[in-house]
Amino acid sequence: MVRKGIADKVAIIGCDMTKYGELWDKSQYDLLFEAVQGATKDAGITKDDIDAAWVGIFYYFTGLSGATVEDILRLDGKPITRTENYCASGMDAFRNACFGVASGAYDVVLACGVEKLMDEGSSGLPGFKIFGHPVLPIPSAPAMFSMAATRSFHEYGWNREDLARVAVKNHSNGAHHPKAHFRSEITIDQALKAPMIADPLGRFDCCAMSDGAAALILTRVEDAPSYAHGDNYIVVKANAISCYTNTPWYVPQGAVGSDFTHFPATEKAAAAAYKEASITDPRKEIDCAEVHDCFTITELLNCQDLRFCERGQAAEELKNGTFNWDSEIAVNPSGGLKSFGHPIGSTGCRMLTEVTKQLQGRAEGRQVPDAKIGLAHNLGGAFCVCSVSILGQAK
Amino acid sequence: MIGLKAFGAYLPRYLLPRDLISNAWDFPSVPGTKAVASADEDSITMAVEAGLDCLVGIDPKSIDGLFFATTTQVYTEKNSASLIATVLDMKDDIITTDFTDALKAGTTAVCRAVDTIKSNKDIKSILVIAADTRKPEPGTMWEFGFADSAAALLIAEEDLLPVSIEDYYSISANSTGPWKRTEKDKFIRTFEVKMDARIYSQSITKVMSELLKRNNLQPEDIGGAAYYYNNPRLHGRIAKMMKFAGGVAQNSVFFQLGDLGTPMPFILLISALRRPKPDAKIILAGFGDGADAILMQVRDKELLKSVNKNAMGVAAHQKSMITLKNYDWYIENKELLEKDRYSRKSSAVIHWRETPSLYQMYGLKCTNCGTIQYPMMFRSCYKCRADDQMEPVKLSLKGTIFTYTLDHLIGGGYYETPVPRCVIDLDGGGRILLNMTEIENPQENVQIGMRVELTFRKQHESADFVNYYWKCRPERGRK
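So the protein sequences, as listed, match chains A and B. Mapping the first sequence onto this note's numbering, position 22 (from 1) lands on 22, and the numbers just tick up by one. Mapping the second sequence onto this note's numbering, position 274 (from 1) lands on 1274, and the numbers just tick up by one.
Each hint should be verified, as a subset may be incorrect.
[As the list claims (entries may be wrong)] Beta-carbon label-pair distances, calculated as ranges: (1) Thr-1140(B) x Glu-120(A): 40 to 50 Å; (2) Glu-1077(B) x Lys-47(A): 32 to 42 Å; (3) Asn-1445(B) x Gln-313(A): 46 to 56 Å; (4) Gln-313(A) x Ile-1448(B): 41 to 51 Å; (5) Asp-25(A) x Asn-1368(B): 50 to 60 Å; (6) Ala-1024(B) x His-154(A): 37 to 47 Å; (7) Glu-120(A) x Asp-1289(B): 51 to 61 Å; (8) Glu-1077(B) x Glu-120(A): 30 to 40 Å; (9) Ile-1448(B) x Glu-120(A): 43 to 53 Å; (10) Tyr-60(A) x Phe-1465(B): 20 to 30 Å; (11) Trp-24(A) x Lys-1394(B): 35 to 45 Å; (12) Ser-184(A) x Ser-1029(B): 39 to 49 Å; (13) Asn-1441(B) x Glu-161(A): 17 to 27 Å; (14) Pro-1442(B) x Asp-76(A): 17 to 27 Å.
[As the list claims (entries may be wrong)] Sample of chain A residues with no beta-carbon within 10 Å of chain B, all distances over it, derived: (15) Pro-79; (16) Ser-140; (17) Arg-151; (18) His-154; (19) Tyr-156; (20) Asp-199; (21) Tyr-227; (22) Thr-245; (23) Thr-247; (24) Ser-278; (25) Pro-282; (26) Gln-313; (27) Glu-316; (28) Gln-360; (29) Glu-364; (30) Lys-395.
In case anyone wonders, no lab produced these hints; they're calculated from the structure. All C-beta atoms, glycine included, are put in the ideal place defined by N, C-alpha and C.
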C-alpha cells in the first residue's frame, strides 16, 4: 500500500498567540483562553464549532491531560488530548490535530500550546526533583547543548563570536515584533561579556524563561475558503517528527549521533518533511523558517541539518547575511526563541502561527517579502525529539 | 603463612596548611599541613578508593571477606562493609563486618581477620579497609589535627606472601576521652587531654612491650614501628621509652597529613614497607579505649616490590595533592556552613536494581556488532539496533574527554558551580557522562582529549539516604 501522507489536505484558517514574557499577572488559563479566543475569532468561528482539540503542554504543573483545555474553554465533553514531546509538544499537538482532520474524523479542530514557567521561579527549567534518574548526571538544558558547542568549536573552528551573531540577528528581528518578550537589539560585545550559563554558552546564547500560549484552527482544504480569510488560507505541506535517544552522551563512538556536531533528529525529520512536501532544494524553495534557537549553537547546527547550508558553513553563511530576514532564507524573522523565550508547550504553535501569518502577508514585526513556503522546526530534550512542519499558500 | 598480600591507600586531593586555621581564629602559628577530603567524600567513598588501589591486579571475586574500620560511620544502622564490597565488585558469599567506635578499629579488624582465616578453612583472604573523615569543631585544637584518609590491607593465607603476620596482642582500657555521643554530639568532646595522653602513652607502650616479650624480641630486633599518634612530641617520647633505634618509629605522617584516625597505623605501615630491610620485623599498633599490637615480618622483597609498584600507596597520592589557599574552601567542603544542598528525585530501589551499572561500572557489549555501551538498562544496541543481544562487560575506570561543558545551572538552581559535565570515552570502549570533581580553574584546565579517572563519590542525599555514583577527576595515577 502506498503511504498517502497528509500533504495539501489540511488548512489553517485561523491562528493567534499571546504576548510572550514574564506574565506574572496571568495564569496558564488566561494565556490559553486568550490565544484560543484570538484564533477562533481569526477564523470567524465560535468554540462550539470545534470538534476536537490537541494541546501541547510539557510540564505537569502547567496542566495535566486534555481536561486542562476543558477547564479553560468548557467545550462540553469534546475530545481533547494533551501531547508531551519535549520542546516539540506544541508542534506535535498540531501534527495530531492535522491527522484528526485529514482522516475525516473531524471537521474543525483546535491545535494549541501553553506553558506557565514563571510560577516556578525564573532560574532555569524546573523539575529535576520530580523526574529523571537518581544519580546518572542530568545536565541543565544549556549544558546539554553546550556540549555540542564545545565539540563544534573543536571540529568546525567556530568561536563564541560566531554564536553571538545568532543572538544579534534574532534580537534585531525580535525588536520589531510587538508580542516578543525582548524587544531590544544587542551587540556582539554585549553578548560576549554576559555571564556564563554553561560554558561556552553565555546568557545571550540562551533563550529566556517566559510564559505564553498560541493556537491554530484547522479544517479540510476544500472547506477552508468558507471561513474568515477566504482564499487566503494556509495549507499544511508536511509534518514530520523524529526521535533519537534521550541521552546522547551515552551514544558510543561510531553510532549515529556520537559526533555532537549535528543533530540526527533534525536531519531525519527534515528529510521526511521535504519528501512529503516535494522539496528538493530547501535553501531555494523555503522563504522563511522558524528554527529552534533555544541556544545559539542550536540554530547554527540546525541550519546545517535542515540543509539550508553545508555542514561546517553555518557560521560563515550567517556572517554573510544568508539568514537575514530580507535575504536568501529568513531564519527566525520573528526573533525566535531568543526574543520570545521558550514556554515549552506553546513554542511549536507560536512558530506555526508566525509562519502562517508570514505566508498570508500579515506578519507582526518583520514581514518577509514574498514568502510562499515556510518551515517551522523544534528540537527538544537533549536534541532527541525534532518536529518539522512545512506550510504553503493556498493554490 | 598468614600475612599481608597487598595494600593500598587513599589520600584526598587537598592539603590544608595549618597556618590558614591559625589565621582564621587568630591562633599562634602551627606548622605543617593536613589532608582534607572534598564535600563529595565520606568514609565509604574513601574506602572504595583505598580498596581499588589495593586490588590492582587482584580479582575482587577471589576474596572471602571485607572488614571495614571507621569511627565516622555514614550510617549507624546499615552495614558499610557490604556496600563497599558491592562497589568493589566482590562476590556475595563473603563475610562483611564493620568495626567501629574507637580509633583502634583498624588494627582490631586485622586481628579478627587473622583469627577468622585461622579458624575457618573456607576463608582464605579478607580485605581490611580503614577510613576516617573526622569533623573537628572549628576553632578548637582538634582542627589542627583531624584529617581524612583511607587504607586497605589484604590479609591472606598463602604459601608465600610479601609480609607475614606473626603474632598480635591486645589490651582494653576505659579511657577518659575523647568521645562522641550518638545523638547529642556533632563534634568530638573530651574532658582532660593531658589525662587522655597519659592513658594513650601507657596503653601503646604496654601493648608493644608485651608483644616483644611474648616473642622474645628486643627493641633492636624491630625494623619498623607503625603506631597511631596524634602528637609528634608524644610520638618521639614513646619511641624513646620503647628504645627503638632511630628511624624505626614511623613519624612522617602527622606533620604533613595530620591525625588520620583509624587508617593512621595502616598509612604508617605502608610507608614503612616502601623500602624495608630484608626480613625486617615491623610492629603495627592501634589505640582507642585499649590497644592492639601486631607483629609482622618481611618475607619476600620481590613480592613486596610488585605490591609497591601496583599501588599508589602513600607516596604517589602525596605527590598528586594540592595545597589549599584559603580556609573558606575547607569550611564549605566540610559542610560546616548551613547551605542549600542539591536535591533531586531518588529511589533506593533503582540503586538496588541497577547495582552493576551504577556501583560496579558494568556496561553492555553487543554480541552482534561488538559495540560496548552504557548504561545497562537499554536492551537494543545503540549502533546496530540488534535487540537483546547484550552481555555484561566490566568498563574501565579511566578515559578521555570527548566533549564537555561547565554547567552553572544544577537542576534549576545555582549550587557549587560550575560543574564540568564530561562526555568520556572509556579506555577499551563505552561512552559515559560524568560530573568532574576536584578540578581547579575548570575554564582553563578542562579540555577535549583530557585524561580522567573515575572516582566513587556522594552525589546528593535526596530521599534521606546517600546517593552514591561515579564522578571523574583529573588523573592522579591510580592503576
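Taking the closest pair, is the beta carbon of Glu-316(A) still more than 10 Å from chain B? Correct as stated: the minimum Cβ-Cβ distance to chain B is 22 Å, above 10 Å.
Do Glu-120(A) and Asp-1289(B) keep their Cβ atoms within the hinted range of 51 to 61 Å? Between Glu-120(A) and Asp-1289(B), where Cβ atoms are some 53 Å apart, the hint holds.
Any Cβ of chain B at or closer than 10 Å to Gln-313(A), or is the non-interface label fine? Consistent with the label, Gln-313(A) stays out of reach of chain B, its closest Cβ about 21 Å off (over 10 Å).
Could you let me know if the closest chain B CB is still more than 10 Å away from the CB of Lys-395(A)? Lys-395(A) is indeed farther than 10 Å from all Cβ atoms of chain B, at 41 Å.
Given as non-interface: Gln-360(A), partner chain B, CB spacing beyond 10 Å: 39 Å, holds
According to the definition I'm using, a residue is off the interface if its beta carbon is farther than 10 Å from all beta carbons of the partner; does Pro-282(A) meet that for chain B? Holds, because the least Cβ-Cβ distance between Pro-282(A) and chain B comes to about 28 Å, which exceeds 10 Å.
Please check whether Glu-1077(B) and Glu-120(A) have a Cβ separation lying inside 30 to 40 Å. 37 Å, holds
Would the least Cβ to Cβ distance between Thr-247(A) and chain B come out above 10 Å? 7 Å, violated
Status of the given 35 to 45 Å range, CB of Lys-1394(B) versus CB of Trp-24(A): 53 Å, violated
Within 43 to 53 Å: is that where the Cβ-Cβ distance between Ile-1448(B) and Glu-120(A) falls? At 35 Å between Cβs, range violated.
Within 37 to 47 Å or not, the Cβ separation of Ala-1024(B) and His-154(A)? Holds: the Cβ-Cβ distance is about 43 Å, inside 37 to 47 Å.
When you look at the beta carbon of Ser-278(A), is every beta carbon of chain B farther off than 10 Å? Non-interface label stands for Ser-278(A): nearest chain B Cβ at 29 Å, farther than 10 Å.
In the structure shown, a violation is registered for the earlier hints numbered 2, 3, 4, 9, 11, 12, 14, 16, 17, 18, 20, 22, 23, in ascending order.
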